[in-house]
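Here is how the chains run, residue by residue.
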Amino acid sequence: MLAFKNVSKSYRLKGIKKTILSDFTFEFPTDRNIGIMGKNGVGKSTMMRLIAGTEPPDFGHIFRAPRISWPLGFSGGFNGSMTGIENIRFVSRIYGQDTKRVIEYVTAFAELGRSIRLPIKTYSSGMKARLAFGLSMAIDFDVYLIDEITAVGDEDFKKKSQAVFQDKLADSQIIMVSHSPTTIKQYCDCGLLFEGQTIRFFDDVADLLSAYADLNRR
Amino acid sequence: MKLITTSDLLSLQVRVIASLVLREARATFGTSPFGYVWAIITPTVSVALLVFIFSLIGRQPPFGSSLALFFATGILTLQFYTELSNKLMTVFDANRALLTYPIIKDVDTLIARALLIAATYAMIMFIFYAALILLGLAPLPARPEHLVAAFLATWFLGLGFGSLNAIIFSLWDTWGQIEKILTRPLFFVSGIFYVPSQLPPQAREVLQWNPVLHLVEWFRHGFYSNYNSTILDIWYPVSIGAALFLLGLAGERFFRKARF
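Chains B and W are the protein sequences, given in the same order.
Take the first sequence: its position 44, counting from 1, is numbered 43 in numbering that gives the first Met the number 0, and each next residue is one higher.
Take the second sequence: its position 119, counting from 1, is numbered 118 in numbering that gives the first Met the number 0, and each next residue is one higher.
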């Protein structure tokens with residue numbers, strides 16, 4: 000179960016209060032892929048952090064039973080002075096995975112060659128993203144969080160990522176933030192739309208997309 | 000979908016903390032095996048130096064026949080405590096990036112760092128005291144079980160004060176400077192180079208409020224068969240440690256939102 004119960008969240012920056020959620024109650028469907036849309040700065044990324052549990056709500060409760068990923072492809076959790084292997088080992092340990100299997104999988108997938116034994120601070124951003132993506136794929140999550148899918152690597156790598164990801168979708172669910180109607184349509188079958196102060200759930204992705212288009216026209 | 004059981008949560012907690020200890024060890028000591036050796040040698044040598052200087056000035060040892068043992072019980076204990084209260088202070092800031100992984104929480108990083116410091120100091124103390132005994136500078140401990148208990152109590156007090164430090168520091172970073180000034184006198188009021196029981200009653204009256212003094216006395220009680228401290232109350236540092244740790248945890252919960 001992944002559910003928000005009477006959740007409120009706001010930020011106060013330089014005296015200006017910005018409300019993201021107020022008394023929001025919602026139970027996420029467990030067998031569907033959910034898109035989250037809305038204009039810039041309405042709080043979609045905050046919503047992702049609340050779902051992941053990396054940030055607490057001001058009021059209310061978030062019930063979270065499934066194993067939820069960190070935002071796909073995000074490499075901010077890596078320790079720069081540790082090598083690729085060491086970072087992989089750490090993450091697979093905290094998630095209780097077979098360390099050897101994960102290292103083999105990520106090494107083969109990320110195609111970093113011998114760089115995998117060098118400190119992460121020597122990596123380019125593309126290399127880091129490939130490592131982070133491979134690592135999220137190596138661990139079995141129930142829910143994958145995606146904050147704007149960003150394709151990394153060359154054509155071959157993109158194709159490979161796509162294939163692996165499609166494969167994952169058979170057993171896992173995704174919750175995705177995106178501005179792109181094409182991406183949402185490709186991956187999601189229902190969704191939430193941030194419209195000013197309210198958040199609306201759409202059971203059908205086509206309705207979500209047309210409401211989003213209306214929102215942008217206004 | 001099934002709910003998570005308590006035993007699952009506990010094993011998750013243990014797994015996360017164990018991984019963090021390993022990572023912290025790697026980050027602190029580097030990749031070379033000498034990193035860890037250095038981490039143990041540096042404090043050992045600095046204590047040895049202090050003991051050496053004291054014994055140069057040295058008159059008769061304040062208690063027992065070994066000046067080195069007497070000072071070591073004081074300095075090593077204080078250093079272990081100080082290391083905890085200092086290093087834990089910055090733990091939340093240092094590990095901010097790790098919170099990217101939803102599975103890791105602030106308190107895990109705190110416990111992990113405290114465990115690593117405990118392991119390091121257990122090693123340091125073992126080497127130091129074993130060396131003193133082998134060199135004939137110290138007798139075998141009279142009450143080894145009390146040494147273990149005193150070590151655990153020192154860890155607990157350091158963890159308590161360190162976690163409270165971590166909370167205050169995360170809300171107000173000037174605290175780092177203030178804490179340094181406030182704890183500077185500990186070197187003089189913790190009974191490192193005198194026997195607290197031999198002080199005039201007025202002095203004892205004041206000094207007995209210092210929990211670190213009790214820990215130093217506890218270590219000596221463990222080593223000497225006839226130390227007969229009139230001050231030592233083993234429950235005092237333990238209760239202070241428990242109170243501070245609970246206060247620290249409550250602070251973590253209470254100010255959690257303020258830290259984001």
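Any given hint could turn out to be false.
Said to hold, decoys possible - List of simulated lysine-lysine pairs, DSSO-like, C-alpha gap at most 27 Å: (1) Lys4(B) - Lys38(B); (2) Lys13(B) - Lys256(W); (3) Lys86(W) - Lys17(B); (4) Lys256(W) - Lys17(B); (5) Lys16(B) - Lys256(W); (6) Lys104(W) - Lys99(B); (7) Lys4(B) - Lys86(W); (8) Lys256(W) - Lys4(B); (9) Lys256(W) - Lys38(B); (10) Lys120(B) - Lys86(W).
Claimed, not checked - Pair by pair, the computed Cβ-Cβ distance ranges are: (11) Leu12(B) - Arg255(W): 49 to 55 Å; (12) Leu12(B) - Thr41(W): 42 to 48 Å; (13) Ile15(B) - Leu170(W): 19 to 25 Å; (14) Leu248(W) - Lys157(B): 25 to 31 Å; (15) Ile126(W) - Thr98(B): 37 to 43 Å; (16) Ile132(W) - Gly79(B): 40 to 46 Å; (17) Arg199(B) - Leu248(W): 38 to 44 Å; (18) Asp153(B) - Ala17(W): 37 to 43 Å; (19) Asn39(B) - Pro32(W): 49 to 55 Å; (20) Asp213(B) - Thr27(W): 51 to 57 Å; (21) Thr27(W) - Leu12(B): 50 to 56 Å; (22) Arg142(W) - Ala107(B): 55 to 61 Å; (23) Asp213(B) - Ala257(W): 50 to 56 Å; (24) Thr27(W) - Gly52(B): 41 to 47 Å.
Derived from the structure by calculation, the hints contain no laboratory data.
Values in this document were obtained by computation on a predicted structure and should not be read as measured data.
Ideal Cβ placement from N, Cα and C applies to all residues, glycine included.
Evaluated hints:
no., hint, in the structure
1, Lys4(B) - Lys38(B), "holds (24 Å)"
2, Lys13(B) - Lys256(W), "holds (17 Å)"
3, Lys86(W) - Lys17(B), "violated (36 Å)"
4, Lys256(W) - Lys17(B), "holds (15 Å)"
5, Lys16(B) - Lys256(W), "holds (15 Å)"
6, Lys104(W) - Lys99(B), "holds (25 Å)"
7, Lys4(B) - Lys86(W), "violated (38 Å)"
8, Lys256(W) - Lys4(B), "holds (18 Å)"
9, Lys256(W) - Lys38(B), "holds (26 Å)"
10, Lys120(B) - Lys86(W), "holds (25 Å)"
11, Leu12(B) - Arg255(W): 49 to 55 Å, "violated (19 Å)"
12, Leu12(B) - Thr41(W): 42 to 48 Å, "holds (44 Å)"
13, Ile15(B) - Leu170(W): 19 to 25 Å, "holds (22 Å)"
14, Leu248(W) - Lys157(B): 25 to 31 Å, "violated (47 Å)"
15, Ile126(W) - Thr98(B): 37 to 43 Å, "violated (31 Å)"
16, Ile132(W) - Gly79(B): 40 to 46 Å, "holds (44 Å)"
17, Arg199(B) - Leu248(W): 38 to 44 Å, "holds (40 Å)"
18, Asp153(B) - Ala17(W): 37 to 43 Å, "holds (39 Å)"
19, Asn39(B) - Pro32(W): 49 to 55 Å, "holds (51 Å)"
20, Asp213(B) - Thr27(W): 51 to 57 Å, "holds (55 Å)"
21, Thr27(W) - Leu12(B): 50 to 56 Å, "violated (35 Å)"
22, Arg142(W) - Ala107(B): 55 to 61 Å, "holds (57 Å)"
23, Asp213(B) - Ala257(W): 50 to 56 Å, "violated (39 Å)"
24, Thr27(W) - Gly52(B): 41 to 47 Å, "violated (28 Å)"
In summary, the structure is inconsistent with hints 3, 7, 11, 14, 15, 21, 23, 24 from the numbered list given earlier, while agreeing with the others.
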